[in-house]
Amino acid sequence: MNPILSAIRDVRYCGLSPDGVVIPALTGELSRELGVIQYKAKNLNPWVVFLGGTGTGKSTLFNVLCGAELSLAGIERPKTFGPVAYAHETVGWKDIFPFPEILIHIHSPADASARAVVGATGRLTVIPHNREGFSHLIVVDSPDVDSVEEQNRRIAEDLYLLADVVIFVASPEKYADDISVQVLRRVLEDHKPVYYLLNKVVGEFDRADVLKISETQSLALSKERIYLFPRVAGGVPAKLSGEPVVQAFLKTFGEDLVPEKTRAIYMEQQTARMALSRQKLVQLAHLLETEEEASRLWLERLKQLSLQAVDALLKGEEDRFKANSNQYIRMEIRRLFARYDLLGKPRRLVQGIILTPLRFLTGRKARKNENRREDLARLRKNADPTALISALEQFNRLVLEKLSPADPALPLGAALRQPDLALTEQDVEDRMVKQREALLHWIEVRFKDLADGLSQKTKWGIYTASILWGVLLIAVASALGGGFSMLDMALDSALAPFITKGATELLAYQEISKITHELATRHKDGLASIIEEQSLRYRQCLMALQTPPDALAAILDRAKEGFEAFTA
Numbered sequence: 150m151n152p153i154l155s156a157i158r159d160v161r162y163c164g165l166s167p168d169g170v171v172i173p174a175l176t177g178e179l180s181r182e183l184g185v186i187q188y189k190a191k192n193l194n195p196w197v198v199f200l201g202g203t204g205t206g207k208s209t210l211f212n213v214l215c216g217a218e219l220s221l222a223g224i225e226r227p228k229t230f231g232p233v234a235y236a237h238e239t240v241g242w243k244d245i246f247p248f249p250e251i252l253i254h255i256h257s258p259a260d261a262s263a264r265a266v267v268g269a270t271g272r273l274t275v276i277p278h279n280r281e282g283f284s285h286l287i288v289v290d291s292p293d294v295d296s297v298e299e300q301n302r303r304i305a306e307d308l309y310l311l312a313d314v315v316i317f318v319a320s321p322e323k324y325a326d327d328i329s330v331q332v333l334r335r336v337l338e339d340h341k342p343v344y345y346l347l348n349k350v351v352g353e354f355d356r357a358d359v360l361k362i363s364e365t366q367s368l369a370l371s372k373e374r375i376y377l378f379p380r381v382a383g384g385v386p387a388k389l390s391g392e393p394v395v396q397a398f399l400k401t402f403g404e405d406l407v408p409e410k411t412r413a414i415y416m417e418q419q420t421a422r423m424a425l426s427r428q429k430l431v432q433l434a435h436l437l438e439t440e441e442e443a444s445r446l447w448l449e450r451l452k453q454l455s456l457q458a459v460d461a462l463l464k465g466e467e468d469r470f471k472a473n474s475n476q477y478i479r480m481e482i483r484r485l486f487a488r489y490d491l492l493g494k495p496r497r498l499v500q501g502i503i504l505t506p507l508r509f510l511t512g513r514k515a516r517k518n519e520n521r522r523e524d525l526a527r528l529r530k531n532a533d534p535t536a537l538i539s540a541l542e543q544f545n546r547l548v549l550e551k552l553s554p555a556d557p558a559l560p561l562g563a564a565l566r567q568p569d570l571a572l573t574e575q576d577v578e579d580r581m582v583k584q585r586e587a588l589l590h591w592i593e594v595r596f597k598d599l600a601d602g603l604s605q606k607t608k609w610g611i612y613t614a615s616i617l618w619g620v621l622l623i624a625v626a627s628a629l630g631g632g633f634s635m636l637d638m639a640l641d642s643a644l645a646p647f648i649t650k651g652a653t654e655l656l657a658y659q660e661i662s663k664i665t666h667e668l669a670t671r672h673k674d675g676l677a678s679i680i681e682e683q684s685l686r687y688r689q690c691l692m693a694l695q696t697p698p699d700a701l702a703a704i705l706d707r708a709k710e711g712f713e714a715f716t717a
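Heads up: the sequence shown is residues 150 to 717, going by the numbering used here.
Be aware that a few hints might be false.
Pairwise CB distance ranges (calculated) [as the list claims (entries may be wrong)]: (1) E449 - P697: 33 to 43 Å; (2) K388 - A558: 29 to 39 Å; (3) P152 - Q331: 29 to 39 Å; (4) E441 - A397: 53 to 63 Å.
Using 20 Å as the maximum straight-line C-alpha spacing, the simulated DMTMM-like pairs for lysine to aspartate or glutamate come out as follows [stated by the list, open to error]: (5) K400 - E417; (6) K361 - E373; (7) K388 - E218; (8) K429 - E218; (9) K583 - D699; (10) K464 - E441; (11) K349 - E281; (12) K191 - E238; (13) K464 - D674; (14) K410 - D295; (15) K709 - E441; (16) K583 - D533; (17) K709 - D699; (18) K663 - E578; (19) K663 - E681; (20) K452 - E364; (21) K429 - E417; (22) K410 - E441; (23) K452 - E667; (24) K341 - E364; (25) K361 - E392; (26) K673 - D569; (27) K551 - E441; (28) K388 - E373; (29) K583 - E682; (30) K400 - E238; (31) K372 - E409; (32) K410 - D358; (33) K673 - D556; (34) K341 - E218; (35) K349 - E392; (36) K673 - E593; (37) K191 - E542; (38) K400 - E438.
By construction, these hints were calculated from the structure, which means they are not laboratory data.
Glycine included, every Cβ here is placed at the ideal spot set by N, Cα and C.
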């Protein structure tokens, strides 16, 4: 496949730019039109295509032009009617036809009586001949332009793209039909040579009448190419062929389309096709650049919404985080310094003597140390996803309100509303549990490393000033919003004057401070990553609807260069 054709077929459309709504139709047109240009660059026979509405007599006049009953004619066409082509036997059909949905079928009847064919939907039936006068032409009887079958209308459109000359057939009942008028107007606007055949005329009606009516419809027909064919009984081609006006048409047609003239017509039409496609490609390139810029701004806004959601979540989570995780840190600090607390037993004795009466008076029972595994289990259980789920719901709502196209049916609007796009509550819970497991494991490992890695100097500092652990606990609890009782804190604070300034400086804001700060960062990053995962899902929605960079580059380059190399 030609690179530019491949690039156009790779174009994607998200619907962010207002004018971009035409991109799908434009790429469809370009893909077919460039396919035609490429095909006709290798197949130089001009195409003469019959167009017209239902019951106008196209097939009858096609048979008249070809000199034989090739295409089955009648008042009412079968719905499965397909196009029929009359082509010289030397015409090759091996090149890839520009419309893959249309199959080429070479019709080879056993005898002349079996030559009239109906054709079939989705198939171009080719009837070969050996007439020298028609050897350079391919004449096609197309489906009705107003067919009730969409596929037939699509085929008529495709065959029109291949046409270098059009024979437009109308009838007194159909000449003012809106669809027929629109098709004829397009033929004239595309500057294709067109013969206007008004068939089945009864009574006084001449070219002047046709011209007068066409002027009211803004149709600039050529007087020399208007022919009025009378109604004949049964519409038999043999009877119609004998009419003087029909003979005049056949004579003019033969003179106009001799090989020398048709070559010039072919070149003019091919040049016109390339010029029109170039205009459309330039338009497409502009629209795609606009879509790219709109997509870039969309991603920036998505990033801002994501950051705002993370900030709001972390601000609300800060207090709960301190209450849950820092309690475990304090218990680890107790265990760490208890290993080196030489005065631990005397201190606990003094503490017990002082606190027992107070606890008796207040009814407060001494708290037993929890097992480390029990502590971990409790912290896992306390992982509450409610705040995160609420933050995600708010984020998702803002994305739809602020970032979705106004029309939810547009590609990006539909993609953002996919039922499986948003993280579910279970998804959030699973991710929080996984992150909490990793966080608690990290805490446990870090404290173990700290205890095992204390230098002899640090150990000696603890041995000589073991009571520092109480003051340190107060410092950590105060800094991180801890949970000691006022009784324990009063006792430990009362012992603080016995601690030397040097011992305090030895331990303050060292490993413990580092661990707690890193823990906070890890916890925040973990929460943010879940919102970022949802944001990534939205980004991927947009990326799936963006034109690949190499395809966009190819389209931009070809829009500047034109199609000279394309047809080489």
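Hint check:
no., hint, result
1, E449 - P697: 33 to 43 Å, "21 Å, violated"
2, K388 - A558: 29 to 39 Å, "54 Å, violated"
3, P152 - Q331: 29 to 39 Å, "34 Å, holds"
4, E441 - A397: 53 to 63 Å, "57 Å, holds"
5, K400 - E417, "23 Å, violated"
6, K361 - E373, "15 Å, holds"
7, K388 - E218, "12 Å, holds"
8, K429 - E218, "40 Å, violated"
9, K583 - D699, "40 Å, violated"
10, K464 - E441, "35 Å, violated"
11, K349 - E281, "31 Å, violated"
12, K191 - E238, "17 Å, holds"
13, K464 - D674, "13 Å, holds"
14, K410 - D295, "32 Å, violated"
15, K709 - E441, "18 Å, holds"
16, K583 - D533, "13 Å, holds"
17, K709 - D699, "16 Å, holds"
18, K663 - E578, "29 Å, violated"
19, K663 - E681, "26 Å, violated"
20, K452 - E364, "58 Å, violated"
21, K429 - E417, "18 Å, holds"
22, K410 - E441, "46 Å, violated"
23, K452 - E667, "25 Å, violated"
24, K341 - E364, "18 Å, holds"
25, K361 - E392, "25 Å, violated"
26, K673 - D569, "26 Å, violated"
27, K551 - E441, "18 Å, holds"
28, K388 - E373, "24 Å, violated"
29, K583 - E682, "15 Å, holds"
30, K400 - E238, "24 Å, violated"
31, K372 - E409, "24 Å, violated"
32, K410 - D358, "30 Å, violated"
33, K673 - D556, "36 Å, violated"
34, K341 - E218, "27 Å, violated"
35, K349 - E392, "12 Å, holds"
36, K673 - E593, "18 Å, holds"
37, K191 - E542, "58 Å, violated"
38, K400 - E438, "52 Å, violated"
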